[in-house]
Amino acid sequence: MTSKPNYLKPTNLESPGARKFWEGLRTGKFLAPRCEDCGELFFPPRAYCPECLKDSFAWEELSGKGFLYSWTELFFSLPEFDTPFLLGLVDLAEGVGRITAKISGETAGGLYIGMPLIIRISNPRDGMALYYAEPLCSE
Amino acid sequence: MTSRQNKRVAIIGCGAVKVGRYPERQESELALQAIRDALKDAQITTKQIEGLFTTPDLQGNIGLQTNLLCEYLRISPKSMAEICCGAIAGGLTLKYAADEIQAGRIKIALCYGAVREASIGWFKNLSQGQGWSMIEPTALQPYAAYGIIWAYALSARRYMHETGATEKDFALAAVRNRKNAAGSPVAAFTKPITVDEVLNSRSLASPIKLLDSAASLDGAAAIVVASEEFARDLSPHPVYLLGWGLYHDNSCVIPTDDCRKSISHFTATREAAKRAFQFAGIKPNKVDVAEIYAPFSSHELIIPEDIGWYQDGEMVKAIRSGETEINGRIPINTDGGLTSRGHPWAATPLYETINLVRQLRGEAGSIQVKNAKVGLMHCEGGMMNNGLVMIFGRD
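Residue numbers (this note's numbering), protein chains in the order written: chain Z, 19 to 157; chain R, -16 to 378.
No wet-lab data here; the hints were simulated from the structure. One should not assume that every hint holds.
[Claimed, not checked] Stretch-level coverage of chain R by chain Z, calculated; a stretch enters the list once three of its residues show a Cβ under 8 Å from a Cβ in chain Z:
#1 138 to 148
#2 180 to 191
[What the hints assert, rightly or not] Just a few of them, taken from the derived set where beta-carbon distance is under 8 Å, the chain R residues facing chain Z:
#3 Ile66
#4 Cys67
#5 Pro125
#6 Ile131
[Stated by the list, open to error] List of simulated lysine-lysine pairs, PhoX-like, C-alpha gap at most 25 Å:
#7 Lys120(Z) with Lys244(R)
#8 Lys30(R) with Lys90(R)
#9 Lys356(R) with Lys78(R)
#10 Lys269(R) with Lys353(R)
#11 Lys257(R) with Lys(-10)(R)
#12 Lys244(R) with Lys83(Z)
Cβ atoms here follow ideal geometry from the backbone N, Cα and C, with glycine treated the same way.
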């Protein structure tokens, strides 16, 4: 049996500017940097503030809530993922940015644009945690 | 824009290899085949080439392909560049050749691009290693891999949501392209297809299916650009560059840093088109024939709206009523477009331009648009994050 290649390694994905974000995921938190100089809260995390280019940040935990902006059903992916699966483009509720995430707990027929979703974080594997999205049920 | 006062530039020669698979040939030799045909068409010799502009060679030659070509052709150009800016590269070779000629530094330039995407392509190598989404993995977690279809699929779905377009409407564009490709001397896919065949083809990333998609293939294309003075003396059928517009939006593939950025319509295409029309001093409805860079059939509907021929969502009706067919209101992709001509990515804008030149010369045979005087070429990089629109005309 040949083992599947594994590309999902911290060395492949984690840039120094975003290390705090990945560390956050490993402890179950979805973090975004706020520039300590100009106060800009931004996403995705980068080494320099896109507004003022300073590099000192405080990291804030986002709610993880979001709204489905668009979606696709993917029929091919990296060997680590079973296909097909649903991929959502999700506007973060705080309005700071968008993410793509695998959607769990829903079928293509049940998705609609604008649907409220919540970000969940998987258990770390090979030192990496990824996030995914689930429908946010109103209780 | 100072160029309007300057003398115009003209395309005086074109050559292109049939798009396909050439596993046994070198890029340089595919390029030479296209270059030889372009020089013959322009009725010039290699010794007259003063500028050399080409698209990226991503096979590991660290940007030294012009070295090889200069020695091979025994030429010593006074201006040269290998230009890389995503898939817009082929169009940029024409822009920089035109700039150099209008600045008076050179009189004749050769632009070419050779790509062996199917045989040893860059995307192919990338997909064996990493997903494209790894460019911004914090926002684009690496679920999506192997090229960029996932991003276009998200764009297409959003466009459907906003306009009421259906997968069948996208299929109509794929069918139109295939019908046109039958009359192209360079298209890879010429066997007619039906809407049902498109709808029932293999799902890749919904709503995009196999027959909605452009195949990454091998190809090479070359274009000779000359000063107006030279073209008037030498060329029986010069095609003039009337204007161009270039724009890069502050976005990267799927824009993730701002929830207000659209993925169903694209600022870069709109701004590039607006600038090109201003430069050329014409209105969108003066265009007789157009080539647009749509890697997937969904974007055959999106791009014409961004260029300005239709309001947002109006292409749904236009594709249903055949307004973009060869005898329609605005004939688009008359040689099959990316989905049927095939897509040697960096050379694709040159292929588009060559079809326009054939149209404007009246040499397009069965796909000829009657009395075509003005042609528009659109190309892009990323997912429409940047755009180049060029407008050509004959006297």
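If any of the earlier hints don't hold here, list their numbers in rising order. Hint check: 3, 4, 6 fail, others pass.
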